[in-house]
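Could you put together the complete structure from these sequences and hints?
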Amino acid sequence: MASSLVKLRKIVKTYGAIKVLDGIDLDIGNDEFVVVLGPSGSGKTTILRMIGGFTQPSSGEIEFDGMSLNGVPINKRPFNTVFQDYALFPHMTVADNVGFGLRVRGVASAQITAEAANALSLVELKGFADRYPAQLSGGQRQRVALARAIICKPRLILLDEPLAALDASLRRQMQTFLKDLQREIKTSFLFITHDQEEAITMADRIVIVDRGVICQTATPRQMYYQPDNLLVATFFGDNNLIRGTAAEVSEKWVVVETPFGTCRVQAPETLWATVKDPLCIAVRPENVTLVAADAAPLKGRVVSVEFTGPISVIKVESHSDPAAVLNVKCLSAAKGMELAIGGDVGISWQSEDAWPLHP
Amino acid sequence: MNVNPDKSERIVRQFGRPLFYCFVFAVPLLLIAAPFASFLAISVGEVKGSDIVMSLTLKNFVRIVEDPLYFQVVWKTISLCLGVSIVTTCLGYPIAYLIAISTHSIRYALICIFSIPLLMNYVIKIYAMRSILGGSGVLNKFLEIIGISGLSNLFVFNLNAVFLVLASILLPFAIFPIFIALERIPNSLLHAAADLGASRFFTFTRIILPLSMPGVAVAFSFTFVLAIGDFITPQMVGGPTGFTLGRVIYSQFGLAFNWPFGAALSIVLMTIVMVTIALTVFVTPRRAR
Amino acid sequence: MGRMRKLLTGLAVLAGLGTSTGLAQSETLRIVTWQGYADDDWVEEFEAAYNADVQVTFVGDDAEIWAKVRGSNGADADIITTNTGQLQRYIDANLLAPIDLNMVPNQKEVLEQFRDLAKIPGVMRNGKVFMMPYVYAPYLLAYNPDLVSEAPTSWSSLWDPKYKGKVLTHDSYEYNFTIAAILDGAKDPFQLSEDELQRCKTKLIDLQHQLLSYYQYPEEVVQLWQSNEIAVMMAAYGPSQINALRKAGAKVEAVIPKEGTPTWLDSMAVTVGAKGAKYDLAMKWINFALKKEISKALARRTNFGTTGFDTGAITPNDKIFWVQSIEDPTRRSDLWNEIKATP
Ligand SMILES: Nc1ncnc2c1ncn2[C@@H]1O[C@H](COP(=O)(O)OP(=O)(O)OP(=O)(O)O)[C@@H](O)[C@H]1O
Ligand SMILES: [Mg+2]
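Residue numbers (my numbering), protein chains in the order written: chain A, 62 to 420; chain B, 955 to 1243; chain C, -17 to 325.
Read the hints as simulated data drawn from the structure, not as lab findings.
Remember, it's a predicted structure, so these values are computed and weren't measured experimentally.
Here a beta-carbon is modelled for each residue, glycine too, at the ideal position from N, C-alpha and C.
Do not rely on the hints blindly, as some may be mistaken.
Said to hold, decoys possible - Calculated cross-link-like contacts (lysine to aspartate or glutamate; reagent style EDC-like; alpha-carbon spacing at most 20 Å): (1) B:K1013 <-> C:E320; (2) B:K1002 <-> C:E309; (3) B:K1095 <-> C:E211; (4) B:K1079 <-> C:E201; (5) B:K1002 <-> C:D310; (6) C:K183 <-> B:E1098; (7) B:K1002 <-> C:D74; (8) B:K1030 <-> C:E201; (9) C:K266 <-> C:D21.
What the hints assert, rightly or not - Residues from chain C that face chain B, not an exhaustive set, calculated with beta carbons under 7 Å: (10) L193; (11) S209; (12) N210; (13) E309; (14) T312; (15) N319.
Written as structure tokens, this is what we have:
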């Protein structure tokens, strides 16, 4: 993120008394694939529409290459959008749809034909030039919309849940396709989705939006293992959130008393805890290992063992607080100790796998 | 505002094509084909005394073609009504566009304003127009005040008055089909066009206009059909020169009691109407339909 | 094609049934007539006096009456009222029953000129009385004294170039020809030869160039008179039309031109459907309608002339052509269309 292409600063959007966006700061870098993720109604589309120029921010600044975009009309912005419903022109052939952006710019028609053919081959739709949108499948329409957006060589392509209407397998296919295409044409993508898995597989950077504010901006890996808050911690896949209190606080470490025993975890800069503060420890179930009860400082009782194929899920309960339950995922084939329901067991993890959070 | 074409498709599949089509076609068949058939039957009959007798004569049709009187009236009527349709459609388009781009409350106000004429009784409307158009009516007084000689009596009981009245009465019939067609164009298409760099004008000529053509076609045929079938307006404001096909047909029924000839003339009228509708459908771009 | 015709009239009759109380009640006297000819108070008075049940249907034009009576062979109406000219075809089609004058004593009390029925053309056939003259109105020549300095005396003022663009006439093929023929001096203005018709056509084309407009309904005329300058007009609805214009504030006078004028005479007739007691009741109604009080009230309310009360609409000096059936309605209608299509 050395140089950013588009900058959003303190963007606020209100509809009457409702504040839909409340101080959004966002940078999109050159050639970066940014995914905006968030629950329904959180304001994702609104952010995209403001960058595209379809909606005006109530306050705040949008910059492009250091210039303000406020007041610049839609057709003067160097971005192109792939709409959620594709918005293909029904009365034009695929080739005319794709060539539209060039026709607007007054490009000679021979060149338009050539470039449209080129764009269509990029999205693997050679031979579809003379069809009408009504004669295409959902995925094909989606790719026409994409070809139409890339033909103008925009600096940024805005995509609003472009894959939402596709079935699971086509969706995965398109995810890889989009990602490859983005690398090939070297353009920034701002991609909206509310599918976490999609976000993780595609993004260079994920932006999580909730109720009009950005919760966290980070790489997929950071999001997964080092969430900034409880919401993010529970957003992707299963996670264990062990509640406890800070017993000892240093610059680099915190010692936390939990229902399973006392443990020491590394403290990130964002953590502002003092002794006796309630704290949470986030550990992914697959990062927990079970050991002999006397060999570990953390202990619990096995409640259940569930075989789900290659992976088994084991539930471990605290001795002191039966409400505190830890999920553990381990390879079903793993050799070692035999687990008896109701038996005591030791709990252990690599110290970098545990992540402290404010509850 | 997009209509899902799959829906009707599904209904068709569900109920079975034959049954569905039977239902769909039975109603128009009863309402249109049956009267048409009876007219056809009457049109080849003739009057004997005070009875219409069955005979398979084409003399009624021959008379229409051969008698220059009827030929001339038919042409005069067609050109009048084409003119009315062209003017109302051209005038209706910008109004419909204005309604379509207006925001909520203004849009409702405009729709109400332009529907008021539809709610009024037809004859009352014509009476109202007539007092505006009369020799000492508002319009003629205005033309006299402007003082350009030759302008006065321009719209007093002649074909111009018929034209003016038809155009103003039929304007809503042009506005609303176009408005509906414009309404049906998804906003996202306009956004997409702008997003690809198109100016408002470019978007209008390449996207809005072609996609609203079905509405224009409906508006055109609607106004044409209503204008050509009207026999009251020419009677009321046409004065001695406003004699149209509708009047000729009207005169054949009632006491003249020449139903066969009236029916033959009606069939000519219906044919003109159907040819016009077929032509408009034919020239409307297929994909925009 | 007779069957098709029957079907259509059948439908028309069916539609008419909607207004009746249901299937034929033998005691109900069904009168088919025009608005103003059978007001509620008279009907109530009659019902009380004769312990009868009367059902009145008002019609809008002659075709409606014809369809009703013709379609049911007289079974759907007992008494009909229309002009003497129209009624001829009902007699031709054997749809009317003769009137028994012994049962209509009031007939002897009507105005002098209507007392001898043999003198009124069309009323009798083969020595039998088929209709009872009742209401009449002459066609009048109306004019605006502000625009016409001297009271006109002839239909020819309609053709006076002075009044070009200020003339109105009724849009009817029958009477424009009749009036043109009267002006042309035709022997019988209701039975014109082709020669006479052609001469009338030429005259009527000239008249068309004089016109501001044709009119069809009496209400139209009031409006036309208000928003235009009208000098002379053929008033097809007679004195009632003049009265309506005056009521609306128009300055208007009317005369019966010296050449004479067609005058329609609405008469009551009994259909062959009225038999026995029903026929007797029909006679009672006719007798009742000819009563002095009713004649007077009708004349007052409608401004038409009635046979039982002298309104002064026609003086003995006026030349009157009682309306007769015309030689060939289709021919006149075709010629009328030709006239109207002439630029
Ligand atoms: N024109 C508008 N007027 C009022 N409120 C609006 C308008 N457009 C959006 N909103 C509100 O703004 C909020 C954010 O909407 P937005 O469309 O950005 O959500 P989203 O994150 O894209 O949701 P989804 O995932 O369902 O598409 C919603 O609560 C919505 O109701
Ligand atoms: Mg959205």
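Hint check results:
Pair hint B:K1013 plus C:E320 holds up; C-alpha atoms about 18 Å apart against a cutoff of 20 Å. With a CA separation close to 14 Å, the supplied pair B:K1002 and C:E309 stays within the 20 Å bound. For the proposed pair B:K1095 and C:E211, the alpha carbon gap of about 13 Å is at most 20 Å, so the pair holds. Restraint check: the Cα-Cα separation between B:K1079 and C:E201 comes to about 15 Å, which is no more than 20 Å; the hinted pair holds.
About 12 Å separates the Cα atoms of B:K1002 and C:D310, which keeps this hinted pair within 20 Å; it holds. Restraint check for C:K183 and B:E1098: not satisfied, since their Cα atoms lie roughly 35 Å apart, outside the 20 Å limit. With a CA separation close to 14 Å, the supplied pair B:K1002 and C:D74 stays within the 20 Å bound. Only pairs whose Cα atoms come within 20 Å are accepted, and B:K1030 paired with C:E201 is rejected, the gap being roughly 29 Å.
With a C-alpha separation of about 17 Å, the suggested pair C:K266 and C:D21 falls inside the 20 Å cut-off, and the hint holds. The beta carbon of C:L193 comes within 5 Å of a beta carbon in chain B, closer than 7 Å, and the hint placing it at the interface holds. Proximity of C:S209 to chain B holds as hinted, the smallest CB-CB distance being about 3 Å (cut-off 7 Å). Interface restraint check for C:N210: the shortest CB-CB distance to chain B comes to about 4 Å, inside 7 Å, so the restraint holds.
The beta carbon of C:E309 comes no nearer than 14 Å to any beta carbon in chain B, farther than 7 Å, and the hint placing it at the interface is violated. Checking C:T312 against chain B by beta carbon gives a least distance of about 5 Å; that is within 7 Å, so the hint holds. About 6 Å separates the beta-carbon of C:N319 from the nearest beta-carbon of chain B, less than 7 Å, and the hint is met.
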